[in-house]
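Chemist: Listed below are the residues making up each chain.
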Amino acid sequence: MAASNASTSQPLLTADGTPLKTSLQRSMRRSKLRAAMLVLPPLVFLLTLFIFPIGNLLTRSTDDALINHQLPVTFAILDQWDRQQLPDERLFEAMFLDLTSLNRYLIKDNFASAVNPNDPAWKIQIPKKGPYRDAMIAIAPHWKDAKTWSPIYEIAITAAQATGTEREIKHQQKRAQFKICSLLTPLTNAACSKLYTALNQWDGVSEPDERLFKALYKDLASANKFLLGKSSTRMNYEKPGFKSLIKKSGRKLKKVNEPPYKEAMIKADKRWGDIGFWHALLAMQKPQTSGYYLNAVDRKWDENREVVMQPEERQVYVMLWWRTFLVSLIVTLGCLILAYPVSHLLATLPLKYSNLLMICVLMPFWTSLLVRIVAWMIMLQQQGVVNDTLVMLGLPDEHRLPMMYNFTGTIIVMIQILLPFMILPIYSVMKTIPPSYMRAAQNLGAPPSLAFLKVYMPQTLPGIGAGVILVFIVAIGYYITPELVGGKDGRLIGNMVAYHMQKSLNWGLAAAMGSILLAGILILYWIYDKIVGIDNMKLG
Amino acid sequence: MALPVYATPAQRLWHYIYLVICTLVLFFLVMPLVAVIPISFSVSPFLQFTPEMLRLDPDAFSLRWYRIMIGDCSDPGITTVCSDNWKIGAKNSLFIGVIATLLATTLGIFAALGLSRPIMPFRKLIMAVMISPLIVPLIITASGMFFFFAKFNLVSTFTGLILAHTVLGLPFVVITVTATLVGFDTNLTKAAASLGGGPIRNFFKVQMPLILPGVISGALFAFITSFDEVVIVLFIGGPEQITLPRQMWSGIRQEISPTILSVATILVILSICLLTTVELLRRRSERLRGIRPT
Chain A
0 MAASNASTSQ PLLTADGTPL KTSLQRSMRR SKLRAAMLVL PPLVFLLTLF
50 IFPIGNLLTR STDDALINHQ LPVTFAILDQ WDRQQLPDER LFEAMFLDLT
100 SLNRYLIKDN FASAVNPNDP AWKIQIPKKG PYRDAMIAIA PHWKDAKTWS
150 PIYEIAITAA QATGTEREIK HQQKRAQFKI CSLLTPLTNA ACSKLYTALN
200 QWDGVSEPDE RLFKALYKDL ASANKFLLGK SSTRMNYEKP GFKSLIKKSG
250 RKLKKVNEPP YKEAMIKADK RWGDIGFWHA LLAMQKPQTS GYYLNAVDRK
300 WDENREVVMQ PEERQVYVML WWRTFLVSLI VTLGCLILAY PVSHLLATLP
350 LKYSNLLMIC VLMPFWTSLL VRIVAWMIML QQQGVVNDTL VMLGLPDEHR
400 LPMMYNFTGT IIVMIQILLP FMILPIYSVM KTIPPSYMRA AQNLGAPPSL
450 AFLKVYMPQT LPGIGAGVIL VFIVAIGYYI TPELVGGKDG RLIGNMVAYH
500 MQKSLNWGLA AAMGSILLAG ILILYWIYDK IVGIDNMKLG
Chain B
0 MALPVYATPA QRLWHYIYLV ICTLVLFFLV MPLVAVIPIS FSVSPFLQFT
50 PEMLRLDPDA FSLRWYRIMI GDCSDPGITT VCSDNWKIGA KNSLFIGVIA
100 TLLATTLGIF AALGLSRPIM PFRKLIMAVM ISPLIVPLII TASGMFFFFA
150 KFNLVSTFTG LILAHTVLGL PFVVITVTAT LVGFDTNLTK AAASLGGGPI
200 RNFFKVQMPL ILPGVISGAL FAFITSFDEV VIVLFIGGPE QITLPRQMWS
250 GIRQEISPTI LSVATILVIL SICLLTTVEL LRRRSERLRG IRPT
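If you read the protein sequences in the order shown, they are chains A and B.
Quick note on numbering: the first sequence equals residues 0 to 539 in numbering that gives the first Met the number 0.
Quick note on numbering: the second sequence equals residues 0 to 293 in numbering that gives the first Met the number 0.
Next comes chain A alone, as it looks inside the complex (with noise of 0.2 Å):
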């Protein structure tokens, strides 16, 4: 008692005098520090090539900010139409100058949420044959200033300066080329050539003259080309035809020069008069949509901002989420199935034994991919090992079985693959199970089945739950093997996220069907986390 009592009015020092509380205080935080400095580099680089790259992807499934740079004045009065009947003049109008004038890349608040709808520079027309400079200075009289120009005049000889080989001149060239376009519109991919050229013509300081103007003007030409390309498969994505409309008015329009809109919109197409599309504009007014996420789920926007079902020539989607978390379950039982029997017999067999099986299960996880599925096609095709034996065995010929390029074929194959993934940790479980457990049980009277029941099964949960989020896991985001083997009914949904990607291009779909399989993934791999400890995955 007393010695604890002096301890507590007087603090205990260390060697050097220091109080031992600061000093462990110290030596904790530069322990802290010191582990703090060598997990650094990893996660940082995981943290910018990882991690940074789906969140930014993720972000594209609501992004809808290119239509708005499409079509600011019609947004801007969008809220004032009554939604019943066909818009009035003023919003055909607006749709118009939207469609074919440039004054969008000159005015400064032209995004759709800051337009002034009223500002009589969006009616300027700029002559199409020039002369270019008093009409885009009538717009924007901010042009007029070569201030305005120094940022983008900046670029252009600063990559004019470029050195290094010809290709490395030619690249930088062509670098500055799209940063100038990606300063001017919403566009990161259109390359302004001609403003290029003509920039580093100028000396900088100087009034910008026709011949810089026209550059801008042929330019924005050209950009806007490219964007109007852009935002109508935006708008197709909401209404179908929507791009071809775009597309055919478009060229009737140009020749338009005077009101009424309304009626020379029509003449040019007479889609436009369908309500149909203006009330598509509906779902795209919010730089934010929820639209891609309600397509990837078979629904979407209706004029009265209510969310109904896609019509039914459309619905793809709630099916194929359907048939993959089907594929997935099927895949994942089957594997347990399989799984638990072999686990069962390598956990008990004596080591010399279990080894040497061991390297069945484990040969065709160090496989390739690829490999499996050649394999797969010689065993399970038409005229492959397995029907070959079946018809030797007695099928008629002209019943072999279909086991390829379809469901079942996406079932064999994927539970072939994933089959190691479940042995191992059911296997890893039911090794540390003492034998003596079920011989105690069998002893106090229980029949075998009765002491697997009660005795032996429950104690391998832990590595069922394990197996089976693993499997289901990696099942449910396949994408190599439903592409090979799976024909037409066995896709996945993994298989419409590439398809999006690289086939129709529809990125923010891809990225909203990307991020409902990765919340449900991170929910699994949560469970798992409670169940069996991520510290705790082991390979091999």
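Accuracy of the hints is not assured; some may be wrong.
Dumping the calculated DSS-like pairs for lysine-lysine here, alpha-carbon to alpha-carbon at most 30 Å [as the list claims (entries may be wrong)]:
#1 Lys173(A) / Lys150(B)
#2 Lys193(A) / Lys224(A)
#3 Lys502(A) / Lys453(A)
#4 Lys107(A) / Lys150(B)
#5 Lys169(A) / Lys246(A)
#6 Lys31(A) / Lys189(B)
#7 Lys150(B) / Lys285(A)
#8 Lys285(A) / Lys107(A)
#9 Lys269(A) / Lys246(A)
#10 Lys502(A) / Lys150(B)
#11 Lys150(B) / Lys193(A)
#12 Lys31(A) / Lys123(B)
#13 Lys150(B) / Lys146(A)
#14 Lys430(A) / Lys204(B)
#15 Lys169(A) / Lys204(B)
#16 Lys269(A) / Lys193(A)
#17 Lys246(A) / Lys173(A)
#18 Lys242(A) / Lys123(B)
#19 Lys251(A) / Lys266(A)
#20 Lys123(B) / Lys529(A)
#21 Lys229(A) / Lys251(A)
#22 Lys529(A) / Lys502(A)
#23 Lys178(A) / Lys261(A)
#24 Lys143(A) / Lys127(A)
#25 Lys193(A) / Lys238(A)
#26 Lys150(B) / Lys31(A)
#27 Lys224(A) / Lys246(A)
#28 Lys246(A) / Lys127(A)
#29 Lys189(B) / Lys224(A)
#30 Lys20(A) / Lys123(B)
#31 Lys204(B) / Lys229(A)
#32 Lys253(A) / Lys178(A)
#33 Lys20(A) / Lys189(B)
#34 Lys150(B) / Lys217(A)
#35 Lys150(B) / Lys178(A)
#36 Lys224(A) / Lys251(A)
Note that these hints are calculated values from the structure, not bench results.
For clarity, every value in this text was computed on a predicted model and none was experimentally measured.
Here the structure of chain A is known, so what remains is to put chain B in place on it, guided by the hints.
Modeler: Okay, now just chain B, sitting in the frame of chain A:
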């Protein structure tokens, strides 16, 4: 596990059924890979066992597909595509795999050492981040990297592929090295430090030899992951980045010829070698750390 002598006939029957099931499952796992090997030596361009092969007729076997694989197109009888692509693919895969493995191993060792320290803030979170490339579906990783790499001009470059494969290989190294560090006796490093060894020398002379088995098996996992990776190559690789899996992919999609089977055979043999190495290393590691095999 043998059957006890007092087992009833029903138990005996059940036991044999159980053994048959196990054999069938193991057969199911290995059979397709084994079937590839004989067909790769076939003369015929069809991917099946011909009647001649089943009769073990020596004329039914040849090495022609292996010759095509290494780019020897002198065989007059071949009608399939014959190019150097397999050779180029193997070279590229090896190059990307080796560099990605070296990077992943270095970074992974750092991570594992940090995570195994007694005091590590946010250990769980960091571990989750480190393992996440294993969990996130490749298709999502590939899509994300595609946009990100496009921004930095890394699409269609070897650098881009190497970085991407490093990301995929990193978790394997972290997991295996962390596992070897679990049983690590920290008194050894303390003893070394008390004898005057600096932290760097201490690491290379004391810690490294003990965790080496884990490091090597992690590195092998990372290598095989890169060597086998196809989704990311399809997304961010350009025409110059022909890798072995990519070549196989296009072979499977376009015109499946027995050349693919020759490649597959070689890969199966390679995988057996790798597997054996990892297994031996694991045992060595357990012995070194004093864990007795049960």
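Chemist: Against each hint, give a clear statement of whether it holds in the structure.
Modeler: Hint check:
no., hint, result
1, Lys173(A) / Lys150(B), "holds (14 Å)"
2, Lys193(A) / Lys224(A), "holds (16 Å)"
3, Lys502(A) / Lys453(A), "violated (54 Å)"
4, Lys107(A) / Lys150(B), "holds (26 Å)"
5, Lys169(A) / Lys246(A), "violated (34 Å)"
6, Lys31(A) / Lys189(B), "holds (17 Å)"
7, Lys150(B) / Lys285(A), "holds (26 Å)"
8, Lys285(A) / Lys107(A), "holds (19 Å)"
9, Lys269(A) / Lys246(A), "holds (13 Å)"
10, Lys502(A) / Lys150(B), "holds (20 Å)"
11, Lys150(B) / Lys193(A), "holds (23 Å)"
12, Lys31(A) / Lys123(B), "holds (15 Å)"
13, Lys150(B) / Lys146(A), "holds (28 Å)"
14, Lys430(A) / Lys204(B), "violated (34 Å)"
15, Lys169(A) / Lys204(B), "violated (51 Å)"
16, Lys269(A) / Lys193(A), "violated (37 Å)"
17, Lys246(A) / Lys173(A), "holds (29 Å)"
18, Lys242(A) / Lys123(B), "violated (49 Å)"
19, Lys251(A) / Lys266(A), "holds (9 Å)"
20, Lys123(B) / Lys529(A), "holds (12 Å)"
21, Lys229(A) / Lys251(A), "holds (20 Å)"
22, Lys529(A) / Lys502(A), "violated (39 Å)"
23, Lys178(A) / Lys261(A), "violated (37 Å)"
24, Lys143(A) / Lys127(A), "holds (20 Å)"
25, Lys193(A) / Lys238(A), "violated (36 Å)"
26, Lys150(B) / Lys31(A), "violated (36 Å)"
27, Lys224(A) / Lys246(A), "holds (10 Å)"
28, Lys246(A) / Lys127(A), "holds (19 Å)"
29, Lys189(B) / Lys224(A), "violated (69 Å)"
30, Lys20(A) / Lys123(B), "holds (27 Å)"
31, Lys204(B) / Lys229(A), "violated (60 Å)"
32, Lys253(A) / Lys178(A), "holds (29 Å)"
33, Lys20(A) / Lys189(B), "holds (22 Å)"
34, Lys150(B) / Lys217(A), "holds (26 Å)"
35, Lys150(B) / Lys178(A), "holds (12 Å)"
36, Lys224(A) / Lys251(A), "holds (15 Å)"
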